[in-house]
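**Q** Sequence:
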Amino acid sequence: MTGGVRRASTIHLQFGSTQVPLSKSIMNRLPAIRPALVVVAALGLAGCSQEKVEVKDIVRPVKVVEIAKANDTRELSYSGSVRARTEMNLGFRINGKITERLVDIGQRVKPGDVLARIDPADYELSVKSAEASLEAAERQVETTGLARRRAEQLFARTFASKSQLEQATLS
765 MTGGVRRAST IHLQFGSTQV PLSKSIMNRL PAIRPALVVV AALGLAGCSQ EKVEVKDIVR
825 PVKVVEIAKA NDTRELSYSG SVRARTEMNL GFRINGKITE RLVDIGQRVK PGDVLARIDP
885 ADYELSVKSA EASLEAAERQ VETTGLARRR AEQLFARTFA SKSQLEQATL S
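For the sequence shown, my numbering begins at 765 and goes up steadily by one.
These are calculated hints, taken from the structure and not from any lab test.
Here the structure is a predicted model, which is why all the values come from computation and not from measurement.
Fair warning: there could be bad hints in the mix.
[What the hints assert, rightly or not] Quick list of in silico lysine to aspartate or glutamate cross-link-like pairs, DMTMM-like style, CA-CA up to 20 angstroms:
1. LYS861 <-> GLU888
2. LYS861 <-> ASP883
3. LYS892 <-> ASP877
4. LYS861 <-> ASP886
5. LYS861 <-> ASP877
6. LYS874 <-> GLU864
7. LYS874 <-> GLU851
8. LYS926 <-> GLU916
[As the list claims (entries may be wrong)] For each label pair, taking beta carbons as the anchor points, the in silico distance ranges come out as:
9. GLU839 <-> GLN871: 47 to 53 angstroms
10. LYS833 <-> GLY855: 49 to 55 angstroms
11. ILE831 <-> ARG872: 29 to 35 angstroms
For each residue, glycine too, the CB sits at the ideal point set by N, CA and C.
Using the sequences provided together with the hints, build the complete structure.
**A** Set out below in structure tokens:
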């Protein structure tokens, strides 16, 4: 070849620092691989055989007993009703959700013992609502008092009529 690029006629494989020509490697190993491939194919076909292997069942002796009603048993049947020894009707002054039960079923209690605690959220809201209503009523009383005093002053100066004064006094 003249003045140009020199082409390699074989391809090399590099394993670490060793280079092996590919064409020589395959050609050299092909005769050695062929018998191994035949053995692998034969073993694969042998593993696919359809032979059935008989499995023998293991016989284990067991004792068999027939269930029958015994002659010496008695069956008794009674009718009746069940009642508690003591019963208490309990009434509560307030309604609400029970958050904590302080006594167990069957436990003895004395008068005045706390049996349960009720969720106070509803009653706290009721108290806040009542306080807000009270404050609004107090403001209404103040407003009505101011309106009455103003009507009295206007009536004293003859700027308001007697009916306006009476209306302010009544409200």
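**Q** Compare the structure with each hint and give your call.
**A** Going through the hints against the structure:
Only pairs whose Cα atoms come within 20 angstroms are accepted, and LYS861 paired with GLU888 is accepted, the gap being roughly 14 angstroms. Between LYS861 and ASP883, the direct Cα distance comes to roughly 6 angstroms. Compliance with the 20 angstroms bound is thereby established for this hinted pair. Distance check on the hinted pair: LYS892 and ASP877 sit about 29 angstroms apart at the alpha-carbon level, beyond 20 angstroms; violated. Distance hint between LYS861 and ASP886 is fulfilled; the C-alpha atoms sit about 9 angstroms from each other, no more than 20 angstroms.
Restraint check: the Cα-Cα separation between LYS861 and ASP877 comes to about 19 angstroms, which is no more than 20 angstroms; the hinted pair holds. At roughly 18 angstroms between alpha-carbon atoms, LYS874 and GLU864 fall within 20 angstroms of each other, so this suggested pair holds. A hinted pair counts as satisfied when its Cα atoms are at most 20 angstroms apart, and LYS874 with GLU851 qualifies at roughly 15 angstroms. Between LYS926 and GLU916 the CA atoms are separated by roughly 9 angstroms; this keeps the pair inside 20 angstroms, and the hint holds.
The hinted window of 47 to 53 angstroms between GLU839 and GLN871 is violated, with their beta carbons roughly 38 angstroms apart. Against the hinted window of 49 to 55 angstroms, the Cβ-Cβ separation of LYS833 and GLY855 comes to about 54 angstroms, which satisfies the hint. The supplied range of 29 to 35 angstroms is broken by ILE831 and ARG872, whose beta-carbon atoms lie about 48 angstroms from each other.
Checked against the numbered hints above, the structure breaks hints 3, 9 and 11 and satisfies the rest.
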